[in-house]
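S.K.: Each chain, letter by letter, is given below.
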Amino acid sequence: MAYFTQQLINGLTLGSIYGLIAIGYTLVYGIIGMINFAHGEIFMIGAFISIIAFLVLGILGVTWIPLALLIVLIATMILTPVYGWALERVAYRPLRGSPRLAALITAIGMSIFLQNYVQLVQGARIKPMQPVISGGFEIMREGSFTVALSYLQILIFVVTVVLMVVFTLVIARTELGRAQRACEQDLGMAALLGIDVDRTISLTFVMGAALASVAGLIFLINYGVIDFYIGFLAGIKAFTAAVLGGIGSLPGAMLGGLLIGLIESFWSAYFTVEYKDVAAYSVLVLVLIFRPTGLLGKPDIEKV
Amino acid sequence: MAATPAIKPFDFPDMFKEAGAAAIVVFALAFAMVGFRTEPVPGGLGITLRFADVAMASVIAFAGRIALILLREGRPFPVLLTTLPFAVILGALLLADQALASENGSGFEPVLPFSSPVVNWMIVIVAAVFAGRAAWAVRHARSTVTAEEREATMDRIGARVQQVARYAGPLLIGFALVLPFLPIADRRLLDIAILVVTYIMLGWGLNIVVGLAGLLDLGYVAFYAVGAYSYALLAQYFDMGFWVCLPFAGIMAAFAGILLGFPVLGLRGDYLAIVTLGFGEMVRIILLNWYKFTKGPDGISGIPRPSFFGLPFTRYPAEGTVSFHGFFGLTYTPLDRIIFLYYLILALALATNVFTLRIRKLPVGRAWEALREDETACRALGINPRNTKLTAFSIGAMFAGFGGSFFATRQGFISPESFTFIESAVILAIVVLGGMGSQIGVVLAAILLIGMPEFFRELHQFRMLAFGAAMVLIMVWRPAGLLAHREPTLRLSATKRLAKAVP
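Respectively, the protein sequence lines represent chains A and E. If you use my numbering, the first sequence corresponds to residues 1 to 304, in order. If you use my numbering, the second sequence corresponds to residues 305 to 807, in order.
A hint or two may mislead.
Quick look at which bits of chain A chain E covers, simulated, 3 or more residues with Cβ under 8 Å [stated by the list, open to error]:
| hint | segment |
| --- | --- |
| 1 | 6-15 |
| 2 | 66-73 |
| 3 | 109-122 |
| 4 | 139-152 |
| 5 | 157-164 |
| 6 | 175-183 |
| 7 | 190-197 |
Partial list, derived from the structure: chain A residues whose beta carbon lies under 7 Å from chain E [unchecked claim]:
| hint | residue |
| --- | --- |
| 8 | Leu79 |
| 9 | Lys127 |
| 10 | Asn222 |
| 11 | Val225 |
| 12 | Leu259 |
| 13 | Val285 |
| 14 | Leu288 |
| 15 | Ile289 |
If you are wondering where the hints come from, they were derived from the structure by calculation, not from laboratory data. Quick caveat, the model's predicted, so the values are computed rather than measured. Each residue gets a CB set at the ideal place from its N, CA and C atoms; glycine is no exception.
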């Protein structure tokens with residue numbers, strides 16, 4: 001039971017990261033119907049900007065952890081979305097309305113480009129970082145095995161829940177959210193009714209990138225090591241999460257993220273850690289074959 | 305054209321505002337990622353500052369944006385007057401810098417915009433492109449090309465290339481046949497040629513799936529891996545030779561294609577792409593972790609080399625056998641084996657090409673292309689989409705399997721490292737760049753994308769960056785691919801039809 005609880009906690013931590021990234025996929029898919037394959041790289045860039053911000057703060061002598069974390073969070077949430085915005089402006093906007101495969105190839109090209117750009121400007125080596133937050137609670141003890149809930153994990157849960165509540169409210173209550181929902185239903189009609197469609201789509205990319213950058217920061221402080229390649233795997237798993245939850249659905253993305261995190265964590269714990277990625281890919285394949293609309297998605301009818 | 309363009313009143317503050325916005329965006333993009341470089345130092349990471357590069361990038365973005373606006377607003381003269389000298393002077397400086405640097409170790413570094421010569425050259429190229437566009441605008445007295453005009457021009461170029469290919473194709477093949485005996489052919493050139501032809505073959509194989517059937521396969525490398533491992537494992541466990549294994553490798557790969565394709569080929573295009581990506585990675589992970597069978601990350605070494613009808617390419621053949629040079633009474637050179645490998649892959653590639661060209665004219669080939677254009681219409685006409693797609697998928701996979709077993713025998717060593725997603729992306733980039741469905745386009749793209757970086761080692765670290773950028777630019781510019789030109793495979797000629805109608 002103790003082992004199970006520990007895996008549950010670890011899985012939920014991992015799931016928070018996937019959920020935050022998956023929201024970016026789901027928002028973009030909902031509005032313009034394309035798979036933003038480069039979204040994983042935005043997450044990776046968020047992690048890099050976070051580590052750079054930590055290092056700069058260390059040099060400047062900001063050592064009080066809460067302040068440093070807050071500054072890093074703000075820095076990465078401001079600088080990373082610029083990449084999301086530029087990505088849409090440069091690569092996706094000219095292709096709006098072209099076939100889906102053209103958009104997907106562009107997204108793959110952009111993903112390769114961003115990966116290699118980061119490799120060139122930051123070097124190919126892995127970037128290690130000292131743990132920022134240590135310590136935690138001991139919530140259960142069974143024989144010699146203790147279940148730990150670290151302060152870091154609590155922080156991750158709190159940040160994830162707060163962000164998800166905020167973004168759900170943004171989409172449900174604000175004018176921007178209303179515009180986004182209108183664009184999701186019908187781009188042309190929304191434009192006719194005076195909604196600035198380009199601006200709405202840009203802001204959607206900015207929102208997705210902001211959440212992915214927080215996921216990058218969480219990844220960095222949770223694992224303490226990043227490289228230019230982390231975006232690929234995390235991106236695919238988050239996409240799997242978005243598909244599992246029902247692509248286009250915001251609560252679905254969160255649910256899917258948590259489920260993928262749990263599946264991965266339990267698979268590693270009870271079966272083989274080597275095949276944990278295979279487990280995630282299998283979920284993707286099975287969901288797409290048997291329930292392409294996901295758990296919470298609406299059926300997608302292809303019109304001729 | 306005689307008409308002078310109408311000069312609109314020009315809004316300078318607006319122009320500077322737009323250019324300023326571009327500069328600010330570039331600054332924000334570059335500030336953290338380029339400005340601070342994380343360097344490993346004892347005990348963690350350190351930071352080196354590179355704000356000069358950030359500032360330079362912002363300035364260039366500002367100037368470039370102004371040039372774009374001027375072109376858009378129909379004022380190409382100032383652009384031509386500034387970009388042309390800029391490109392010429394910077395290019396000359398770079399050349400002089402290279403000459404000086406090779407002579408006495410230091411050149412004009414302080415006056416060059418960036419520290420990396422490749423980035424400097426890219427700026428020269430961009431400036432030259434601007435100058436070219438401005439010159440075109442001055443000559444034609446207008447600065448914008450409509451999308452239809454551009455499409456028509458590119459289509460004409462594609463058609464012209466295909467026409468030329470009819471004559472140039474045999475010439476190219478002839479050149480490829482005599483290449484090993486030309487005086488320029490040394491070991492390095494032949495190695496590069498083998499690599500390029502391998503990618504041409506893989507590109508042609510993937511072209512069946514992507515170009516003809518319109519299925520975006522992001523896991524093509526999985527079948528390449530299946531082919532390579534089929535041969536390597538058969539050779540290791542059953543001591544079988546290359547020629548026996550070659551068909552096996554193709555069959556295994558085709559079988560893998562059917563196995564993986566059957567459940568998922570009903571999916572919509574973009575989902576299918578992601579699922580094939582997942583399959584590709586799954587195959588790699590299984591090869592990596594099934595240690596007992598595949599030796600995992602250690603890979604398989606000592607894969608036997610191919611023989612020439614049973615004659616091995618060794619200096620000292622084993623007791624009781626005759627080697628290639630012994631049989632033909634030649635003096636031994638290690639180049640013989642390389643030349644043989646070159647002809648082997650050339651034959652495989654040409655077989656792929658001939659097969660593709662012929663099958664396009666068969667009903668199944670026509671069904672692929674019809675399916676690519678309109679799946680719903682095909683269903684209405686009674687074509688079974690899944691089976692038709694499955695044939696394309698498995699035939700493409702079969703050629704990847706042949707290519708894979710060639711790869712294994714050439715390298716003599718394989719490991720899962722060689723079969724990553726990036727490899728699939730490279731092959732896809734070749735197909736996309738060449739123009740999906742165009743056979744000659746694949747050749748040109750493979751020479752450009754694989755051959756060039758091999759010759760210019762400096763470009764190597766920029767290679768994948770350029771791949772990504774090229775895929776984006778081509779899709780933005782011409783989603784069908786650079787040299788795509790679709791000739792109807794069947795045409796009803798008007799006279800014949802009339803002759804039949806009026807007996």
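S.K.: Quick one: see if chain E covers the segment 6-15 of chain A, three-plus residues with Cβ-Cβ under 8 Å.
M.R.: violated (count 0)
S.K.: Less than 7 Å between beta-carbons is the criterion; does A:Val285 satisfy it with respect to chain E?
M.R.: holds, 6 Å
S.K.: Go through the hint on A:Lys127 and say holds or violated, using the shortest Cβ distance to chain E against 7 Å.
M.R.: Interface hint status for A:Lys127: holds (6 Å vs cutoff 7 Å).
S.K.: Take the segment 175-183 of chain A, compare each residue's beta carbon with every beta carbon of chain E, and decide whether three or more fall closer than 8 Å.
M.R.: violated (count 0)
S.K.: With chain E as the partner, please determine if A:Ile289 meets the hint condition of a C-beta pair closer than 7 Å.
M.R.: holds, 5 Å
S.K.: Against chain E, run the beta carbon of A:Asn222 and see if the smallest gap drops under 7 Å.
M.R.: Result: violated, 18 Å to nearest chain E Cβ.
S.K.: Quick one: see if chain E covers the segment 157-164 of chain A, three-plus residues with Cβ-Cβ under 8 Å.
M.R.: Per the Cβ count (0), the hint is violated.
S.K.: For the hint on A:Leu259, does the least C-beta distance to chain E fall short of 7 Å?
M.R.: Because about 17 Å separates A:Leu259 from the closest Cβ in chain E, which is outside the 7 Å limit, the hint is violated.
S.K.: Double-check A:Val225 for me: the hint is only fine if its C-beta lies closer than 7 Å to a C-beta in chain E.
M.R.: Since the shortest Cβ distance to chain E is 11 Å, the answer is violated.
S.K.: Tell me whether the statement that chain E covers the segment 66-73 of chain A is true, taking a Cβ distance below 8 Å and needing three residues at minimum.
M.R.: violated (count 0)
S.K.: Given as covered by chain E, does the segment 139-152 of chain A meet the bar of three residues or more with CB within less than 8 Å?
M.R.: Since 0 is below three, the answer is violated.
S.K.: Are there three or more residues in the segment 109-122 of chain A whose C-beta lies within less than 8 Å of some C-beta in chain E?
M.R.: Held - the segment 109-122 of chain A has 13 residues with a Cβ nearer than 8 Å to chain E, which meets the minimum of three.
Hints 1, 2, 4, 5, 6, 7, 10, 11 and 12 from the list above are not met by this structure, while the remaining hints are.
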